[in-house]
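Protein sequences appear in the order of chains A and B.
Counting along the first sequence from 1, when you hit position 311 you're at 310 in numbering that gives the first Met the number 0, and nothing is skipped either side.
Counting along the second sequence from 1, when you hit position 355 you're at 354 in numbering that gives the first Met the number 0, and nothing is skipped either side.
Please note that the accuracy of each hint is not assured.
[What the hints assert, rightly or not] Each computed DSSO-like pair below joins lysine-lysine, with the alpha-carbon atoms no more than 30 Å apart: (1) A:K71 to B:K260; (2) A:K83 to B:K22; (3) A:K71 to B:K276; (4) A:K102 to B:K97; (5) B:K22 to A:K97; (6) B:K129 to B:K159; (7) B:K260 to A:K10; (8) A:K260 to B:K159; (9) A:K371 to B:K59; (10) A:K106 to B:K159; (11) A:K84 to B:K302; (12) B:K106 to B:K122; (13) B:K302 to A:K59; (14) A:K281 to B:K10; (15) B:K22 to A:K302; (16) B:K159 to A:K281; (17) B:K97 to A:K276.
Hints were generated in silico from the structure; no laboratory data involved.
All values derive from a computational prediction rather than experimental measurement.
There are 2 protein chains.
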Amino acid sequence: MKITCLQENLKTNLNIAQNIVGKNLTLPILNNLLLEIDSGRLKISSTNLEIGINTWTSGKIEKTGSITCPAKILSSFVNNLPNKKIELETKDNTLFIKCDNYKAAIKGLSADDFPLIPKIKEKPIFVFKKSEVLKNDLNKIVGSAALSESRPEFSGILFKIAKESIKFVATDSFRLAEKTIIRANSGGQLNSLIIPQRTIQELIRILGEKPSQEIKFILGDNQILFELDEVQLISRLIDGQYPDYQQIIPKNFETKVTLSKDEFINNIRIASIFSSKINDVKLVVRPEKIEILSQDPDLGENKSQMAARVQGKSMEIIFNFRYLMEGLANIGTKQVFLGLNSDEQGTSPKSNPAIVKPVGEEGYLYVVMPIKT
Amino acid sequence: MKITCLQENLKTNLNIAQNIVGKNLTLPILNNLLLEIDSGRLKISSTNLEIGINTWTSGKIEKTGSITCPAKILSSFVNNLPNKKIELETKDNTLFIKCDNYKAAIKGLSADDFPLIPKIKEKPIFVFKKSEVLKNDLNKIVGSAALSESRPEFSGILFKIAKESIKFVATDSFRLAEKTIIRANSGGQLNSLIIPQRTIQELIRILGEKPSQEIKFILGDNQILFELDEVQLISRLIDGQYPDYQQIIPKNFETKVTLSKDEFINNIRIASIFSSKINDVKLVVRPEKIEILSQDPDLGENKSQMAARVQGKSMEIIFNFRYLMEGLANIGTKQVFLGLNSDEQGTSPKSNPAIVKPVGEEGYLYVVMPIKT
């Protein structure tokens with residue numbers, strides 16, 4: 000193959016493709032990117048066998064063909080070149096690169112041995128008009144999935160495409176984040192998909208590299224394709240039934256608190272300095288104020304208070320400060336709402352989940368389990 | 000003790016003192032800061048037994064006394080408080096802190112068990128007028144000392160105070176950096192001191208936290224004190240004789256090269272992508288240009304070229320790119336000078352050191368050994 004293209008375009012697409020490439024010792028070709036001329040453009044592909052990425056770069060083509068090259072070397076080299084024309088040419092499994100006063104020869108492997116990235120040719124089940132908005136929405140929930148795969152469905156993100164809304168949900172059973180988008184267009188296929196967290200993290204990263212544009216969700220055989228103008232991300236789906244999480248979202252609250260988000264975050268941050276190994280901070284809700292307390296038997300203790308609008312009864316409730324902070328960090332409004340219920344007593348005592356949500360903005364909901372007292 | 004001071008002042012001084020405090024399991028009091036009322040101010044001290052730091056904070060004192068407290072907890076807590084008045088009070092080895100709506104109680108240990116930081120009461124051997132300039136000068140050389148302590152004198156920084164100049168020197172025998180300052184005032188004691196690299200790194204950090212001011216170098220019994228307005232840094236000195244490094248600095252060159260620093264750095268960075276395990280890049284010096292080459296048998300190879308003013312004979316010479324980059328990174332001028340000599344052949348062949356220095360600015364010199372061909 001032989002093609003001339005612009006450094007800036009090639010750099011962006013190499014960076015998009017190379018991030019999923021790891022150090023694979025058993026199958027060295029997975030450390031490589033596949034470069035091939037495809038319908039008049041340079042196609043660059045990568046795969047880690049769970050996720051595949053294709054990108055296309057325009058250029059002047061003199062000869063078709065293909066090669067695979069070590070991803071890190073190729074992208075490091077191109078990243079450091081000046082923003083001028085780059086000429087790529089292959090000879091005997093070596094990629095020759097020329098740009099300005101720079102020349103390199105990178106040893107590659109034959110494209111024949113590169114794993115096939117599945118092609119999905121179905122119609123989109125959903126089209127999202129602004130990829131920038133999708134990126135921000137997914138960012139609000141992606142961190143709440145479980146790291147462990149002991150329950151595989153919790154290690155993924157739920158995409159629930161219903162007639163009037165689409166919901167993105169993540170939970171690890173200690174906390175749950177849900178982002179709801181009202182659909183303007185009720186067409187397409189209704190569906191519930193569980194997508195690996197890593198895939199969504201990659202999608203967020205790719206959306207950050209490209210200008211906002213339309214993005215299509217296309218469903219294949221236990222796989223999903225996210226399609227942008229010059230980029231495709233293909234991932235496996237997670238098998239299984241997502242738990243019926245709606246039933247754990249409390250609808251009524253013994254105590255409703257409205258307070259300043261930034262001040263609350265700062266108070267929790269300070270309390271976290273003194274919290275014990277289980278990351279516990281205690282909230283003491285009183286009329287018109289909330290106290291934030293923490294204590295470690297070896298270090299000492301801490302107490303702060305802030306004004307709050309409190310409806311309902313006074314109560315004391317303990318949270319893992321990391322979970323509470325995570326929910327607050329995804330809220331963009333000045334005021335936040337806390338909905339609290341006290342523990343159930345009796346023969347089988349249990350904690351009741353609390354909710355955290357923005358004030359004056361719909362669509363985001365964060366549910367967090369208190370620590371049992 | 001009981002004192003009220005401003006959060007901002009206390010924060011700065013806690014941050015200066017706490018950095019040398021590590022996790023010491025055998026002597027837990029070394030994880031603490033010593034707080035004591037000293038001549039009408041709050042004195043905060045830390046030590047790791049090699050380096051000691053004292054800082055003083057002004058405030059309104061109601062009661063004298065002292066305590067030691069875990070450094071990380073105290074500084075994290077104070078760092079997160081608003082910039083308002085802070086009240087510190089001790090009761091039974093507990094430090095009580097109040098600020099705005101925040102309260103904490105930190106468990107401490109008695110000040111009696113805190114190691115003594117030596118006091119040095121001599122006259123200064125040298126006074127540096129502008130600590131900001133000293134910081135920048137030390138930054139240019141501090142990275143070139145040896146990490147290993149197999150030759151202890153190479154693990155330190157040489158301060159050579161002569162009649163007409165003061166020199167700061169660091170080397171690990173593969174490269175050497177020297178910064179020379181012409182003295183306006185030839186008084187004080189002439190001396191050669193070797194100061195641990197860690198001490199100089201701490202000094203640079205502290206100078207960055209404080210506005211530029213006068214700094215005194217005071218010599219004690221195998222110890223040195225750096226004295227600022229409200230901060231003291233005390234360190235042991237390294238015993239031993241610093242090697243006579245002047246003799247290895249070449250004075251004459253077979254080849255003299257003048258070239259653009261930024262372009263040279265970029266060329267070396269690109270070449271480094273393809274360099275082999277010994278970090279080698281080759282310079283090919285030709286009339287009016289220099290070529291930069293690198294090669295790894297598994298990855299491939301790279302070649303770039305740039306314009307240069309070359310006097311003397313053409314030559315090929317190989318460097319460790321990390322050492323070359325380190326010297327170039329400390330040069331602020333647009334053009335740099337390379338002075339090169341070829342290998343000595345014969346019965347005991349050896350490489351001759353090269354020098355790198357700024358063009359149009361005196362005082363900084365970097366010597367680097369080529370890799371034998």
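Against the structure, the hints:
no.: 1; hint: A:K71 to B:K260; in the structure: 26 Å, holds
no.: 2; hint: A:K83 to B:K22; in the structure: 51 Å, violated
no.: 3; hint: A:K71 to B:K276; in the structure: 16 Å, holds
no.: 4; hint: A:K102 to B:K97; in the structure: 64 Å, violated
no.: 5; hint: B:K22 to A:K97; in the structure: 52 Å, violated
no.: 6; hint: B:K129 to B:K159; in the structure: 18 Å, holds
no.: 7; hint: B:K260 to A:K10; in the structure: 25 Å, holds
no.: 8; hint: A:K260 to B:K159; in the structure: 56 Å, violated
no.: 9; hint: A:K371 to B:K59; in the structure: 44 Å, violated
no.: 10; hint: A:K106 to B:K159; in the structure: 51 Å, violated
no.: 11; hint: A:K84 to B:K302; in the structure: 17 Å, holds
no.: 12; hint: B:K106 to B:K122; in the structure: 39 Å, violated
no.: 13; hint: B:K302 to A:K59; in the structure: 24 Å, holds
no.: 14; hint: A:K281 to B:K10; in the structure: 26 Å, holds
no.: 15; hint: B:K22 to A:K302; in the structure: 26 Å, holds
no.: 16; hint: B:K159 to A:K281; in the structure: 58 Å, violated
no.: 17; hint: B:K97 to A:K276; in the structure: 25 Å, holds
The structure does not agree with the numbered hints 2, 4, 5, 8, 9, 10, 12 and 16 stated previously, though it agrees with the rest.
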